[in-house]
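Colleague: Reconstruct the complex from the two isolated chains, following the hints.
As given, the protein sequences belong to chains W and U, one line each in that order.
Counting along the first sequence from 1, when you hit position 172 you're at 172 in our numbering, and nothing is skipped either side.
So the mapping is simple: our numbering equals the position in the second sequence, first residue as 1, plus 1000.
Everything labelled a hint here was simulated from the structure, so no lab data went into it.
Please note that the accuracy of each hint is not assured.
[Claimed, not checked] Quick list of simulated restraints, FRET-style, between CB atoms:
| # | chain 1 | residue 1 | chain 2 | residue 2 | range |
| --- | --- | --- | --- | --- | --- |
| 1 | W | E8 | U | D1132 | 19 to 27 Å |
| 2 | W | L7 | U | R1020 | 19 to 27 Å |
| 3 | W | L78 | U | V1067 | 42 to 50 Å |
| 4 | U | Q1163 | W | V75 | 56 to 64 Å |
| 5 | W | V69 | U | R1020 | 30 to 38 Å |
| 6 | W | S52 | U | D1085 | 25 to 33 Å |
Quick caveat, the model's predicted, so the values are computed rather than measured.
All residues carry an ideal CB built from backbone N, CA and C; glycine is no exception.
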Amino acid sequence: MSGNEKLERELESFLREDGSRTAALYRKLPRPEPDASLDAAVLAMARRAVASAPPASPARRAHLRWIPVLSAAAVVALAVGISYRLGPQMWAGRKVLPAAPPAASSADEAARQGQAVAAEESPARRADMPAAASAPAPAPPAGTMAPKPAAPSIAREQAPAKVSHLQSAPPVDKKSETAIAQDAKAFPSQAAPGAAVNLNAEVAQPVRAEPAAEVAQEADLAKQAPATAPPAPPARSAGAPASAAAAATSSPAPQAFGGVTAPAGQRDAIGPKQKRAPDSSANLYPEHWLQDIHQMLREGHRDAALESLAEFRKRYPDYRLPDDLRDLK
Amino acid sequence: MGAERADEELMLAYAQGDARAFEALYTRQRGMLYRYILRSVNDRAAADELFQETWSRLIASRERYRVEAKFSTWLLQIAHNLIVDSLRRARPQASAEETETVMRELDAPEADRPEQLLSEFEQRRRLQLVLDALPAEQREAFLLRVEGGLGLEEIARLTGAGQETVKSRLRYALAKIRERFAQ
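Just chain U, with the same shape it has in the complex (with noise of 0.2 Å):
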């Protein structure tokens, strides 16, 4: 058995009318996109509808597919720009005084108890709220950095900001997450 075909070889192909070089690309990349996109949303129907509307719009768009970057760049690109619209839609954006009454309930009860003392079931608990506290900016970037694997620079492409500002991003929900497990 000869290599593994690499994503936008895979993305090339279905362009051509390669249906199994989809199903391959689809298996390697559903989870990856549906969890970024879960935990940006954190709502499963929206994360489903958004799910499906992300692979739709990239078969739709397969023939004007061009190796310029990444496959999975291209594809939470578009499902990063899929996630802001509904966002904008949904609800309108945490202010920081929002997230910082977030994070105060959060630390509250068990802000003096050490991060080892915590259960794992207790630590993914917190990450999850913490997470979804984070603003919206910043959840982005912790995600597309530990779910995508994307370094600064794509993220920083990806969301239209700099590379500094993707940085201050991520040192912010990293201040954050630490906060909530700090000794």
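So that you can see chain W by itself, here it is in the shape it has in the complex (with noise of 0.2 Å):
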């Protein structure tokens, strides 16, 4: 047998490690092993690796798929109920209040009172607060923006069964409407920059002060809107002096907001919490109150009319009510 025919039996035994003389020669080598300590090192990283993150077996993965989706779900969740429960508050911010606090009566005297300790209040009670009372919401100049009247969210939140009533935007009581224009001729000067707190105006026209003449020409503009029409603008002005005509009209301002000028940031001056009462038509701002009575003589409630009137004129004794209300019993 030539040499290389020994190498290809040698060969072909060693590949399949059948007598194999090659192989039971290396079997005879020592046979070395890892330390006790390299042992312990490899063992101790096998278990650091399936101890801190122990690998998803396909019933795991099928839930870690669910966990974007229910993270998802649960950020939604939390953003409506943040909004539903700030909402209010946040879009009353934007509501429009009078710039100048009238001074013409003691009612007026009271409300800017009222409205001054608003204003001294930090902000974090501020938005523990009602939002924003102005009465109907005063239309920005033609041209812009209406504001989002703040009533439909308070009634949301106090009153439910009124919703209706109040998100259909009834027409605005005109005297009212033109008190607080002449409200806002009155005290011009009392004004400061950006109490006029219509947000969608301020947007559309930046603050600054106005001539008195076109204060009082808007002012006039809005007396002369009929009833249903959307009240007058605010008065932007600072520092002009009195109008005349505005000192001649006297009407009562409403109670839930005065002439203080709030700084821009404080704009949402709200109500003071007092004012809040367990009937539905009491937790309103007075003007709103007014609103709901009117709507019920409206839809033919007039026991339900007269009996809110009567809450309402003990609680606002000095507030002066519009004629058709005055005189009706």
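Modeller: The structure is reproduced here in structure tokens:
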């Protein structure tokens, strides 16, 4: 047998591991093994790996797939919850507040004092208060967007039964809106820049000092507006002298807002908390309350309207009622 | 006590977080892997490092493990890649000329002495020297076969060479070992 043949046979037996002399010789070699410390290191590494990050089983992977979906749903629910709770207050912050506090009557004085108290309160406390209590939201000048009324949001939160009434944007009492305009005319000098808090109007028309004549003209326009027309734009003047026309009409200012000039960041000046009452209408600010009474009358609920009016009179004895309600018996 | 679980089964269990499965697997494979590495690099410290690195890579890629081949083939594949990298970094590949020189030196003193006359210790020493002197590819093929228990096809796949090439490498390795022990 040649050397080559022997080699081939050896190779065959080596590959089969069947009687290979070379393999047998190899088996006689020392059989070194890793140290115990090396074993410990490797085993510790393996244990750490599964302890720190257990691999996901198919069932676990299926669960993992839902985590982003559930997280997104939770975030949406949270956002909706927060906006539901805070939304009315935030939106009311955009409401228009009249610029000038009326001083013609004791009721006006009281309103100014109440506003001053509100203005002094911390923003955190203000956030707890009901939404801004402007009366019929004064409409921006022609060409600007109408402000979103705050009343519906308040009604949603405080008097669900009245939601439909308030959301339907009832016609505004002409007198009360003229009163607002006149107040603005009467005390323009006390209005600070930024006191007119119709944000929409501000966006369209930056706050600036306007001549008194222009303010008066706006107020006059408001007076001439039909009852169903949007309320007059708020006064945005500062430092302008009062006009004579403004002094002629002293109309009660809504108690919920006065002319106190809240800084721009505090323009969601909100009426005092103590005005809240258990009665659903009594929860509203006077202007809204009166709207409610009007609404009841329109819908034929005269008794309820009278009852509500009596309650209103008790609560706001100095409030100057509109003519139609003043004579209502 | 039930039948022993296959290596592949143990590896899958470990991939699912069963640390005990890994211990069983490690106990089975540690000696073979260590000897393969040690005889490939012929340096204890380097072997220790490569041994640990091999297991580290295996652990890190446990979730990607699929039973496509024997577990030992996968394990040796990881080790093989590390060894190749290590040898490339450590020293240039021994040339055929250098190998022949070592062989001649090995053969010179006791070339005429029959294998059976050599003591067992001497046989082991010579085999070790021959293995050390083999070109890396031949030694690799030899060790994968005799230590890892892999067949031609598996060695070919693992080393990226053709089966005939692997067979040729094994043939050369055996020839050199036989020469060293030949009558």
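Colleague: Are the hints correct? Go through all of them and say.
Modeller: The hints, checked one at a time:
For W:E8 and U:D1132, the Cβ-Cβ distance of about 26 Å falls inside the hinted range of 19 to 27 Å, so the restraint holds. For the pair W:L7 and U:R1020, the supplied restraint of 19 to 27 Å is violated, since their beta-carbon distance comes to about 46 Å. Separated by about 46 Å at the C-beta atoms, W:L78 and U:V1067 satisfy the suggested range of 42 to 50 Å. At roughly 59 Å, the beta carbons of U:Q1163 and W:V75 sit within the given window of 56 to 64 Å.
Look at W:V69 against U:R1020: about 35 Å separates their beta carbons, and that is inside 30 to 38 Å. Checking the proposed 25 to 33 Å range against W:S52 and U:D1085 shows it holds: the Cβ atoms sit about 27 Å from each other.
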